[in-house]
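These are the residues of each chain, in order.
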Amino acid sequence: MKKLIISIVLVNLLAACASEKPKEVAPAPAPKAEAPKPAAAPAPKAEVDPLNDPNSILAGRSTYYPFDVSVVQEADKPLVQAHAKYLAEHPNRKVRLEGNCDERGSNEYNLGLGQRRADGVNKMLALGGAKADQLESVSYGEEKPRCTDHNEACWKQNRRTDLNYAK
Amino acid sequence: MRVLQSIVGLLLLVQASMAGAVLSIEIIGAGEHQVPVAIVPFGGDDKLAQSINEVVTGDLQRSGLFRLVDPTGKSPHEPSEVSYPDWQVRGAEALAIGTVAAQPNGRIETRFRLLDVVKQTELTGQAVSASGNQIRAIGHRIADLIYEKLTGDKGVFSTRIAYVNRVGKNFRLIVADSDGYNEQTVLAQNEPIMSPAWSPDGSHLAYVSFETKHAVVYVQSLYTNQRMVLADFRGSNSAPAWSPDGKQLAIVLTRDGSSQIYLIRPDGSGMRRITFSGAIDTEPNFSPDGQYLLFTSDRGGSAQIYRVPVDVGPEQRMTFGEGTNFSPRHSPDGKSFVFAHLNNGGFYVAMQDFQTGQMSLLTEGGWEKKPSFAPNGKLILFASEARDRGILATVSSDGRVKQHMFTQSGDAREPVWGPYP
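Protein chains in written order, with the working numbering: chain A, 963 to 1129; chain B, 5 to 425.
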């Protein structure tokens, strides 16, 4: 199941790359997937932050929405719940939830809609155990599109909430 | 865009691309009754750094309400030099003449007269002066006087507009003359800027900036450039709108949940919540008498226009029917409002009469957003798109005359027409 979700996320990312201007491509999770080369000695036991594991569900950092909808979709719930669990276990990590919209609406309406998308993820993370001081939700409305064409292939990439962890 | 091209094909297209212009301007359509008027270049105009004649004729032409009669071969500057039959033969009904000269102190002084060619009388005459770097302002003032005398409505050529210019990830908040010239950068940064709003006296702009990574409302003086944070609560702070007396602003905050409308004084004090819906309530706009706010809300399931009394009273839904509606703004006379109408994938500039409740579309549809009235109520400025760029556009309130203004680079967004100077 996890794999399936990851591949969906990957397909989304690939679709994004295929149809948009290169400069707008969102920074994809860095694919430094290669495990350290098996050395003679056993691998060092430095604890790996699952957030940086590209094979973890936590590598997914966006939730997506139908037009003019702000509730977290069923397909994205496992992702959000996994992040909630991670945040509960790592109380020093903070995440910004950045809501975004497609361009079909006024800028101001979309700012409100993006905020509601971000707040929806925020609420689900809090229910899953994250503390309020780990979470901040903001909106960019339609001001920061990933893709700028006037079509659904583009719009569906722009209707999203990004989970942006503080470094 | 395809729609626009076909309109261009059907209607008269005047292309006025001026050398050194910040914007290039295309005019589509013409007013129902165009007044034929001859503007004789003022005596001394050719000695100025900037031709006043060019500004006056440009303004009148863009309004769509005048037909400019060619003055070639005749150049009277005083009434005594005017031979009325010459102008009657050319079909002019009005004639503007005058002189201009730079004074020893550097000021430019213009004396102009507007003559009725048919009745052979003087309609108006005035001396207009300004400092040497304000020659365009003299031209706009004279165009306003001609417009007012010949149409009966106050001219808006001396007013200013504000908009956001986006080039890649660079955003600039711009204030410019109503013809797009004389642009000044109010704010430049790499984060979005939204929703500029003029104070009623034209001295300040309120706007939304994302420079601290979330939407915050600022108020900035256009004279000193000093600015203050008006609202910076958690979440989004946005959609500033000034009351007609300038004593308060309506803003939208998400600090208590979803987007709701609040009133606040320009110094940030005295905040009071206006809507309590749990829906998205946004884009408040004061009625000219200050009694009501129009706003956008999705409380009924989709975005529509609503109205609420500022003091106390029931909220009222204003728009019905197919599609969704956004960004309402009252007409200066308070009898109607404009808004962006989204239906079948296209955004239109729409207008609705308060009394009849009748909605009419003023444009053919496309990406037409954020309409605002000129202070005389005769023109509506909005954001549009042509040749894959965000542009400024105007449409006359009867829908007959349209104008496209192209900035030099990037997209023009979020335009708003300023008050009378």
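The set of hints was computed from the structure by calculation and includes no laboratory data.
Since this is a predicted model, take the numbers as computed values, not measurements.
The beta-carbon is built from N, C-alpha and C at its ideal position, and this holds for glycine as well.
Any given hint could be a false lead.
As the list claims (entries may be wrong) - With a straight-line cut-off of 20 Å between C-alpha atoms, the simulated EDC-like cross-links for lysine to aspartate or glutamate are:
{"no.": "1", "chain 1": "B", "residue 1": "173", "chain 2": "A", "residue 2": "1111"}
{"no.": "2", "chain 1": "A", "residue 1": "1106", "chain 2": "B", "residue 2": "260"}
{"no.": "3", "chain 1": "A", "residue 1": "1106", "chain 2": "B", "residue 2": "392"}
{"no.": "4", "chain 1": "A", "residue 1": "1106", "chain 2": "B", "residue 2": "120"}
{"no.": "5", "chain 1": "A", "residue 1": "1093", "chain 2": "B", "residue 2": "260"}
{"no.": "6", "chain 1": "B", "residue 1": "217", "chain 2": "A", "residue 2": "1095"}
{"no.": "7", "chain 1": "B", "residue 1": "78", "chain 2": "B", "residue 2": "120"}
{"no.": "8", "chain 1": "A", "residue 1": "1106", "chain 2": "B", "residue 2": "215"}
{"no.": "9", "chain 1": "A", "residue 1": "1047", "chain 2": "A", "residue 2": "1095"}
{"no.": "10", "chain 1": "B", "residue 1": "217", "chain 2": "A", "residue 2": "1111"}
{"no.": "11", "chain 1": "B", "residue 1": "217", "chain 2": "A", "residue 2": "1098"}
{"no.": "12", "chain 1": "B", "residue 1": "173", "chain 2": "A", "residue 2": "1065"}
{"no.": "13", "chain 1": "A", "residue 1": "1085", "chain 2": "B", "residue 2": "120"}
{"no.": "14", "chain 1": "A", "residue 1": "1106", "chain 2": "B", "residue 2": "389"}
{"no.": "15", "chain 1": "B", "residue 1": "173", "chain 2": "A", "residue 2": "1098"}
What the hints assert, rightly or not - Short derived list, chain B residues pointing at chain A, Cβ under 7 Å:
{"no.": "16", "residue": "194"}
{"no.": "17", "residue": "258"}
{"no.": "18", "residue": "300"}
{"no.": "19", "residue": "307"}
{"no.": "20", "residue": "322"}
{"no.": "21", "residue": "324"}
{"no.": "22", "residue": "327"}
Claimed, not checked - Cβ-Cβ distance ranges computed for the label pairs, FRET-style:
{"no.": "23", "chain 1": "B", "residue 1": "321", "chain 2": "A", "residue 2": "1094", "range": "49 to 57 Å"}
{"no.": "24", "chain 1": "B", "residue 1": "186", "chain 2": "A", "residue 2": "1029", "range": "22 to 30 Å"}
{"no.": "25", "chain 1": "B", "residue 1": "276", "chain 2": "A", "residue 2": "1052", "range": "35 to 43 Å"}
{"no.": "26", "chain 1": "A", "residue 1": "1111", "chain 2": "B", "residue 2": "107", "range": "34 to 42 Å"}
To see whether the hints hold, each was checked on the structure:
For the given pair, residue 173 of chain B sits about 16 Å from residue 1111 of chain A by alpha-carbon distance, which is consistent with the 20 Å threshold. Straight-line distance between C-alpha atoms of residue 1106 of chain A and residue 260 of chain B comes to about 25 Å, which puts the hinted pair past the 20 Å bound. Distance hint between residue 1106 of chain A and residue 392 of chain B is fulfilled; the C-alpha atoms sit about 17 Å from each other, no more than 20 Å. With a C-alpha separation of about 55 Å, the suggested pairing of residue 1106 of chain A with residue 120 of chain B is violated against the 20 Å cut-off.
For a cut-off of 20 Å, the pair hint linking residue 1093 of chain A to residue 260 of chain B stands: about 18 Å separates their Cα positions. Between residue 217 of chain B and residue 1095 of chain A the alpha-carbon distance is near 17 Å, which keeps this suggested pair within the 20 Å criterion. With a C-alpha separation of about 17 Å, the suggested pair residue 78 of chain B and residue 120 of chain B falls inside the 20 Å cut-off, and the hint holds. Distance restraint check for residue 1106 of chain A and residue 215 of chain B: the Cα-Cα separation of roughly 13 Å lies within the 20 Å cut-off, and the hinted pair is therefore satisfied.
Distance restraint check for residue 1047 of chain A and residue 1095 of chain A: the Cα-Cα separation of roughly 15 Å lies within the 20 Å cut-off, and the hinted pair is therefore satisfied. For the hint pairing residue 217 of chain B with residue 1111 of chain A, the CA-to-CA distance comes to about 25 Å; that exceeds 20 Å, so the pair is violated. Simply put, residue 217 of chain B and residue 1098 of chain A have alpha-carbon atoms about 11 Å apart, close enough for the 20 Å limit, and the pair holds. Between residue 173 of chain B and residue 1065 of chain A the alpha-carbon distance is near 17 Å, which keeps this suggested pair within the 20 Å criterion.
About 71 Å separates the Cα atoms of residue 1085 of chain A and residue 120 of chain B, which puts this hinted pair outside 20 Å; it is violated. As the CA atoms of residue 1106 of chain A and residue 389 of chain B are separated by approximately 18 Å, the hinted pair is consistent with the 20 Å bound. Straight-line distance between C-alpha atoms of residue 173 of chain B and residue 1098 of chain A comes to about 24 Å, which puts the hinted pair past the 20 Å bound. Interface hint status for residue 194 of chain B: violated, as the beta-carbon distance to the closest one in chain A is roughly 11 Å, over 7 Å.
About 5 Å separates the beta-carbon of residue 258 of chain B from the nearest beta-carbon of chain A, less than 7 Å, and the hint is met. A cut of 7 Å between beta carbons decides the hint on residue 300 of chain B: the least distance to chain A is about 6 Å, and the hint holds. Checking residue 307 of chain B against chain A: minimum C-beta separation of about 6 Å stays under 7 Å; hint holds. Among the interface hints, the one on residue 322 of chain B is violated; its C-beta lies about 16 Å from the nearest C-beta in chain A, farther than the 7 Å criterion.
Violation of the interface hint for residue 324 of chain B is found here, the shortest Cβ-Cβ separation to chain A being roughly 18 Å, above the 7 Å cut-off. For residue 327 of chain B, the interface hint is violated, since its Cβ never comes within 7 Å of a Cβ in chain A; the closest pair sits about 11 Å apart. Distance hint for residue 321 of chain B and residue 1094 of chain A: a CB-CB separation of about 36 Å, inconsistent with the stated range 49 to 57 Å. Residue 186 of chain B and residue 1029 of chain A have their C-beta atoms about 41 Å apart, which leaves the hinted 22 to 30 Å range violated.
The hinted range of 35 to 43 Å is satisfied by residue 276 of chain B and residue 1052 of chain A, whose Cβ atoms lie roughly 41 Å apart. In this structure the supplied range 34 to 42 Å is violated for residue 1111 of chain A paired with residue 107 of chain B, their Cβ-Cβ distance being about 56 Å.
Comparing the model with each numbered hint stated earlier shows that hints 2, 4, 10, 13, 15, 16, 20, 21, 22, 23, 24, 26 do not hold.
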